[in-house]
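Quick note, the sequences are listed as chains D and S, same order. Going by the working numbering, the first residue of the first sequence is number 47, and it counts up by one from there. Going by the working numbering, the first residue of the second sequence is number 315, and it counts up by one from there.
I should point out that these hints are in silico values taken from the structure, not numbers from a laboratory. Here a beta-carbon is modelled for each residue, glycine too, at the ideal position from N, C-alpha and C. The reader is advised that the hints may include incorrect statements.
With a straight-line Cα cutoff of 30 Å, these simulated DSS-like cross-link-like pairs (lysine-lysine) come out [said to hold, decoys possible]:
1. S:591 to D:623
2. S:591 to S:576
3. D:230 to D:93
4. S:436 to D:517
5. D:623 to S:436
6. D:410 to D:93
7. S:576 to D:519
8. S:591 to D:621
9. D:434 to D:410
10. D:434 to S:576
11. D:145 to D:93
So these bits of chain D aren't anywhere near chain S, every CB distance computed over 10 Å [to be verified]:
12. 145
13. 288
14. 398
15. 457
16. 458
17. 468
18. 522
19. 603
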Amino acid sequence: MIDRIFPAALIAVAGFMVWTPTLAVAADEAQAHHMHLATPNSSESVKWYVEYLACKTVAGRPKLVNCGEMDIEFVARTTLGGSQGTGVNHISFSFADVKAKMDELEAVGVRGSGVRLQRFADGSTLQNLPGLGKHGFIFDPWGTRIELVEDPDVLGFHHIHLQSVAPEDALTWYVDVLGAERGKFKGELDGLVFGSVWLLIEQYGDGKPAATDERSIDHLGFVMAELETASQRIADQGVDLQQAVVPEGARSQAKRAFLAGPDGVLIALVEPGWGGTEDALIAVEEKVATAPYTVVRTPWDEPDLQGIWTGNPSHGIPLERPVNAGETESLTPQQAAARRERGTLGSIWGYEREWRDTTLGYDKSAPSRQVAMVIDPPSGRIPPMTEKGRELAAAAREARGYARGELVSGPEDLPNFVRCITRGLPGLMMPGIYNNGLQIVQSPGYVAIQKEMIHETRVIPTTAKPHLGPKLKQWLGSSRGHWEGDTLVVQVKGFNGRAAYRGSSENMILTERYRRIDENTLEYQFTVDDPTVWTRPWTGMFRYAKDDSQYELVEYACHEGNYGMTNILSAARSKDKTES
Amino acid sequence: MYCSVRLRQLAVSVVLVSVASLMGCAPASTPTATSDATPEPSLPTAYDGNPDLSGIWQAIGTAHWNLEDHTASAGPPELGAIGTMPPGKGVVVGGDIPYQEWAREQQQENLARRHAEDPATKCYLPGVPRATYQPYPFQILQGTGKIMIVYGIAEANRTIHMDKDNPEPAPIDSWMGRSHGRWDGDTLVVEASGFNGQAWLDRAGNFASDTLRIEERYTLMGPNAMQYEATLEDPNVYTGAWSIKLPLYRRLEPDMEILEYKCVEYSEELIYGHLRKRTAQ
Chain D
47 MIDRIFPAAL
57 IAVAGFMVWT
67 PTLAVAADEA
77 QAHHMHLATP
87 NSSESVKWYV
97 EYLACKTVAG
107 RPKLVNCGEM
117 DIEFVARTTL
127 GGSQGTGVNH
137 ISFSFADVKA
147 KMDELEAVGV
157 RGSGVRLQRF
167 ADGSTLQNLP
177 GLGKHGFIFD
187 PWGTRIELVE
197 DPDVLGFHHI
207 HLQSVAPEDA
217 LTWYVDVLGA
227 ERGKFKGELD
237 GLVFGSVWLL
247 IEQYGDGKPA
257 ATDERSIDHL
267 GFVMAELETA
277 SQRIADQGVD
287 LQQAVVPEGA
297 RSQAKRAFLA
307 GPDGVLIALV
317 EPGWGGTEDA
327 LIAVEEKVAT
337 APYTVVRTPW
347 DEPDLQGIWT
357 GNPSHGIPLE
367 RPVNAGETES
377 LTPQQAAARR
387 ERGTLGSIWG
397 YEREWRDTTL
407 GYDKSAPSRQ
417 VAMVIDPPSG
427 RIPPMTEKGR
437 ELAAAAREAR
447 GYARGELVSG
457 PEDLPNFVRC
467 ITRGLPGLMM
477 PGIYNNGLQI
487 VQSPGYVAIQ
497 KEMIHETRVI
507 PTTAKPHLGP
517 KLKQWLGSSR
527 GHWEGDTLVV
537 QVKGFNGRAA
547 YRGSSENMIL
557 TERYRRIDEN
567 TLEYQFTVDD
577 PTVWTRPWTG
587 MFRYAKDDSQ
597 YELVEYACHE
607 GNYGMTNILS
617 AARSKDKTES
Chain S
315 MYCSVRLRQL
325 AVSVVLVSVA
335 SLMGCAPAST
345 PTATSDATPE
355 PSLPTAYDGN
365 PDLSGIWQAI
375 GTAHWNLEDH
385 TASAGPPELG
395 AIGTMPPGKG
405 VVVGGDIPYQ
415 EWAREQQQEN
425 LARRHAEDPA
435 TKCYLPGVPR
445 ATYQPYPFQI
455 LQGTGKIMIV
465 YGIAEANRTI
475 HMDKDNPEPA
485 PIDSWMGRSH
495 GRWDGDTLVV
505 EASGFNGQAW
515 LDRAGNFASD
525 TLRIEERYTL
535 MGPNAMQYEA
545 TLEDPNVYTG
555 AWSIKLPLYR
565 RLEPDMEILE
575 YKCVEYSEEL
585 IYGHLRKRTA
595 Q
């Protein structure tokens, strides 16, 4: 079936993949070579692909991994979003036991590796596909959609999956322009083959795919032996082609040309010997390359989460994915900055920029680029409520007179937060616009988490202790923690049900995961499991930034200074008089 | 792992130091030579060799009613005998609080209006040192660089900075003040200031102003008891510095923990009752 021999093909996603050809190469035919994947942090991405997708590091190339027949290079740059919705829908990796791999990722996912699993309509993570066998989808932490398949013939990197408004035309284009060989993968699926790397293609469902350019899979790369000659031929075919040059920062004298493929797919052609370009010239916000972070430990040898953290970076992240977010996996820094500006300066609080940045400490951290907090379900939306959940929510609304437009009759008519009682859980952990401090102090066997906003302190035992008895239901339930590696896992239950979060009931079991992902970042994940209210559990995530140097929690004496309550009530009574 | 036994006696320390070395622990402090060979009870020692005050503690007695000597007295009539103030010996070292004349009068007025005016009836933060001898447990967490005390009422808490210079004056006034600590031998010494002057010291209307400065001393007396001393200075209220001294006891129940005591809602009728909607007769 494959009688042609290709040099190397390049695939640009959100990083670089480089496939080193082992076969002889025809002069004027492209061969899959590598991919570029864009990532905010190359070393993190290398670590992730090595850890979860069985890729290997390559000596002397710290930003590159080898994954079977393909090398992937991670280019530090900002992206406009993930791979979905572009002409390169996903890439695929094959494992000998895909179920085991998916199970592993599912376990890892909730612990915060950043992986997201995509479930099929029936809730499963794997299904059978004719010609492919068992397959399922995940997203890497940077938005690249990855298919996992079980193909014992090709383990490791498996194929690139294109989407096209006109698949037949696209296939013809790749044959005519890049010299690809058409084939039917496993005799079933239409595609192209470059060496042992397959490009499969399917019909794009809705409208026109977005350009890959600046998405997480930025472009696909192919090696072309006689690039100059091929360029001329390709230009003669009427393809929009950028002249072949040795780009600035190239590690070799090999030339590269970009051309516009079908369906907005950006394609790079490189000469043999291409060694990529130095990141520094592309990097937008690469952090200083660091070794994988090792969590600091306390003198008594527990992971050390102590310090003052603030939720400032995460202020403004909506809980649920906005309807207009499209396929966006991550905001650009500019969009994130704009969201912060809207949420702070433009709000009813009317903050002055300088005061916000210095007194509140907003200048200490870049705004989060997360699109939404909810990471599971992958839709970014809280799952549907049960019928009971809807009834409870309606009853809670009805219980408050002011919600029906009546004047406030007494303090209990107002929300718990206004009464300075509690923000509930996980509500009290949520970043707010001000008094965002979170102080953690540990002593052997205990972690105390103090939240500045309305000053609540949770003392969480990390040794085995039974939950409180059924008569000891509390506003914040009872919290029981344990360490799973470097992660503090806290199970909270036994709620009194009076401080609902988004309609949660007293039956909620909240599982929190606290993990320091680097020296200055604390990742907080919360899984809400409340079968009374929601049809399935859901999980959110956001991050705190460490700020020991400047930030200090102040005493948020909320109830003591609750003039707002007095004013609300006295205004209502005054209105009573004028209306009677 | 951390060291659980504090080494104090030379007589036993030679053996224990070698054991401790095997356990990776340094001796807690230079053992003091004494001629008396009777070992003192061993005291808990923290990871850093300092006394380990971690745990749940509580005062016993009537200091929360009145720091000074007091006989039994009536409470609100509707509560009968259970609302009365029980009698108790004072914890003020050397007798009474040395009030300036106006301040003693103020305290007497406070006492008369205590059912409505005591900040604790409104579920306000208790302040220092009152938080220590309220009749509720509190937990000490001895972390690295900070000691946190979490009190079992009104979500009161304090962070004692062990790792920072004490700024003068405190950056902001507050109910619980600002606390900086250090070790003086086996005693935790805490300098607290930056109070807002609104907290009372007990249910008898004893009080201070926002110029209050406190030095607290926490000293283990054994594994399960601790001496608490606090010296209060307030040139606007007292004629001189004065101290209280009382023991704190470890809560020994195996599953002891600080339960949630969010008292705000129990104070709302008292504070906002007059603003409640009256139903038409």
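For each hint, the structure was consulted:
1. S:591 to D:623: holds, 11 Å
2. S:591 to S:576: Holds, because 25 Å separates the two Cα atoms, which is no more than 30 Å.
3. D:230 to D:93: Not OK: residue 230 of chain D and residue 93 of chain D at ~34 Å, beyond 30 Å, violated.
4. S:436 to D:517: holds, 26 Å
5. D:623 to S:436: holds, 28 Å
6. D:410 to D:93: With Cα atoms ~27 Å apart, residue 410 of chain D and residue 93 of chain D stay inside 30 Å; holds.
7. S:576 to D:519: holds, 13 Å
8. S:591 to D:621: Between residue 591 of chain S and residue 621 of chain D the Cα gap is close to 11 Å, so the pair holds against 30 Å.
9. D:434 to D:410: Since the Cα atoms of residue 434 of chain D and residue 410 of chain D sit roughly 44 Å apart, the hinted pair is violated (cutoff 30 Å).
10. D:434 to S:576: The hint holds at about 29 Å.
11. D:145 to D:93: It holds: about 22 Å lies between the C-alpha atoms, which stays within 30 Å.
12. 145: Holds, because the least Cβ-Cβ distance between residue 145 of chain D and chain S comes to about 40 Å, which exceeds 10 Å.
13. 288: holds, 57 Å
14. 398: holds, 19 Å
15. 457: violated, 4 Å
16. 458: violated, 7 Å
17. 468: Its Cβ does come within 10 Å of chain S, the nearest being 6 Å, so this is violated.
18. 522: It is violated; residue 522 of chain D is separated from chain S by about 6 Å at its closest Cβ, not greater than 10 Å.
19. 603: violated, 6 Å
The structure does not agree with the numbered hints 3, 9, 15, 16, 17, 18 and 19 stated previously, though it agrees with the rest.
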